[in-house]
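Trainee: In order, the protein sequences belong to chains Z and A.
Counting from 1, one number per residue, gives the positions in the first sequence under the numbering used here.
Counting from 245, one number per residue, gives the positions in the second sequence under the numbering used here.
Some hints here could point you the wrong way.
Output of the computed footprint for chain A on chain Z, the stretches with three or more beta carbons under 8 Å from beta carbons of chain A [unchecked claim]:
#: 1; segment: 90-98
#: 2; segment: 195-209
#: 3; segment: 225-231
Note that these hints are calculated values from the structure, not bench results.
Keep in mind it's a predicted model, so treat the numbers as computed, not measured.
All residues carry an ideal CB built from backbone N, CA and C; glycine is no exception.
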Amino acid sequence: MTLPTKYWEKPCILVIDDEPQIRHFLRISLKTEGYEVLEAENGETGLRIFSAQTVDLVILDLGLPDMDGSGVLARLRECKSVPIIILSVRDRELEKVKALDLGANDYVTKPFGIDELLARVRTQLRGRGREDNSSDSETSAIFDNGALYIDLAMREVVVHGETVRLTPKEFAVLQVLLLASGKIVTQSQLLRDIWGPTHTTDTHYLRILIGRLRQKLGDDPTEQRYIQTEPGVGYRFLETADRA
Amino acid sequence: MIGSASTLKSMFNKLSDEDRESLLDSVLGEGERLDRYIRNLLDMTRLGHGTLKIEGDWIALTDILSSALRRTRNLMSKVHVVLSVEEDLPLLFVHPALIEQALVNVLENAAKFAPAGSDLTIQARREGNELIVATSDEGPGIPEDQRSEVFDMFFTGGEGDRGPHGSGLGLAICHGMVAAHGGRIQALAGPNGRGATIEMALPLRESPEQEFNRESRK
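Just chain A, with the same shape it has in the complex:
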């Protein structure tokens, strides 16, 4: 980011419009990456200190998903998002911003590994007393012996805080936020043995739908 910005500053008049535009894109992209990194560090610190307060609210998974997809629009533009959300899913009782952040991190992680133009599938379904959200990419996948480690803090699969492997915080935070809601998260092989699937399971409370039906007839 500093390199791009200083190039713009020193050579502004000598650069072509295209080069300026591309350097500006780098500054913006790097700024967004740093913002995500700092936000992750702060989230991790709050999780570690136990200062994360859960403020539960009834919310539809589709509302959280919609907001998470809006926030990751730039990163997701290189993949083809396929949504498969079961109809009439019950409402969740969660802290919306935290589950949204967990989803954003899963999506960012998937987008990092997904080849350009590939399918990134988000599937949501009810299983008993849980709501399952599975995000699958068509990237290189996660070796079986590393699937439980991907949720460890600073696990990067061998690289620093850059490149496709990132900071090693994103999925650790997901794990923390989902666990704080009494849910589970696991890494699986992708569908048909391709890529990776990250599956979040969130507990469902008794649905307030019946009470609503009584109330809305008034």
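With the rest of the complex left out, here is chain Z:
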């Protein structure tokens, strides 16, 4: 049994990817950003390192030579609940959705720029090492960027000084996305949580509701500032929204 890293220690990231070039640039960039880096070139080695060492986050390539990526993911999830970011290729939405359903926390599509990956890593490690898990949701319970004010506890949404009325389902969707700020929420999860388990494929409910929600929040459907659609996968409340 290994103990989680304390917040004052360098977070340790395990990279499981068979491509040496990817490991090479991740090793350099992650170390430069102050992380400890462990590497594995296949699933078996990755799982061995994972069970023997203290790891705070895993970056897992789904296309490994020795094991099916989702198999590795399932076995990682059996042991510890550390964040897992998967690397996948374009046009494989189903693969991404399956991995997210299996417990991956987020994904990055190859080829990716380092800024995108680092942002995902920071989001996943946010709140790490705190004794209680509630602090993360407390900090996200109020959103305010001047133009849009959301208070989840008071169920209050104000756009440019005007209070906006949301339907219960609209509020529920906004709440789930905002509490997971910066993180991907799959469309099937939203449908299951808010409409119920028999509606997980009724994506049109979600599309129409999100369309109306964006309208009420003063978001642009094409240049999305608050709620970003990741077609075929899900939605993300943009953390950068408050810098708009």
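Knowing the structure of chain Z, use the given hints to seat chain A on it.
Mentor: Okay, now just chain A, sitting in the frame of chain Z:
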């Protein structure tokens, strides 16, 4: 790319910061270009083999457009994107990644020919049972006798896989992906006789909006 990277490697200490930065930009830009080229070759192969599986999903055109614009941000930075999207467009029932790719290819193509600082207009509207997406640039345009050929594989208007004319795969792939959805694509003269317009027409299914309204009242 190899030239830029080898220059950086051999002369790193002799180069000014500016030159390093500019060589690195070349490496990155060329890498992105090669990635697009390879992706196009793979897409074309899949279309040719009929192994492209359509996994339909209800999606708003604006969601696909938003994602396509994010992916082409670097290329589009030299033009001024003008969006004219009709409000309350019905949802599409398509394979989002494939239509997104078709749009990305149309945008990349338009950006290639568009002069720096010019307007690149994306217009979306409903016409009967179709959703029309028209992308117009203010470039040299396409001669009338070549307008049907631009969707042929390896049609480049006379150059190799580089320069403004590209690989001759991008629009052929668009045609394949749109056709796989039962849609149409055509090249037209740009608005006011300037530049070129590529118009995609995607079939609309009966809107699930009514069912949604019943459901959301619960």
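Trainee: Given as covered by chain A, does the segment 225-231 of chain Z meet the bar of three residues or more with CB within less than 8 Å?
Mentor: It holds: at least three residues are needed, and the segment 225-231 of chain Z offers 4 whose Cβ sits within less than 8 Å of chain A.
Trainee: In terms of beta carbon proximity below 8 Å, does the segment 90-98 of chain Z have 3 or more residues touching chain A?
Mentor: Per the Cβ count (4), the hint holds.
Trainee: Can you take a look at whether the segment 195-209 of chain Z is actually covered by chain A? Rule is 3+ residues, C-beta closer than 8 Å.
Mentor: holds (count 7)
Every hint, counting from the list given before, is met by this structure.
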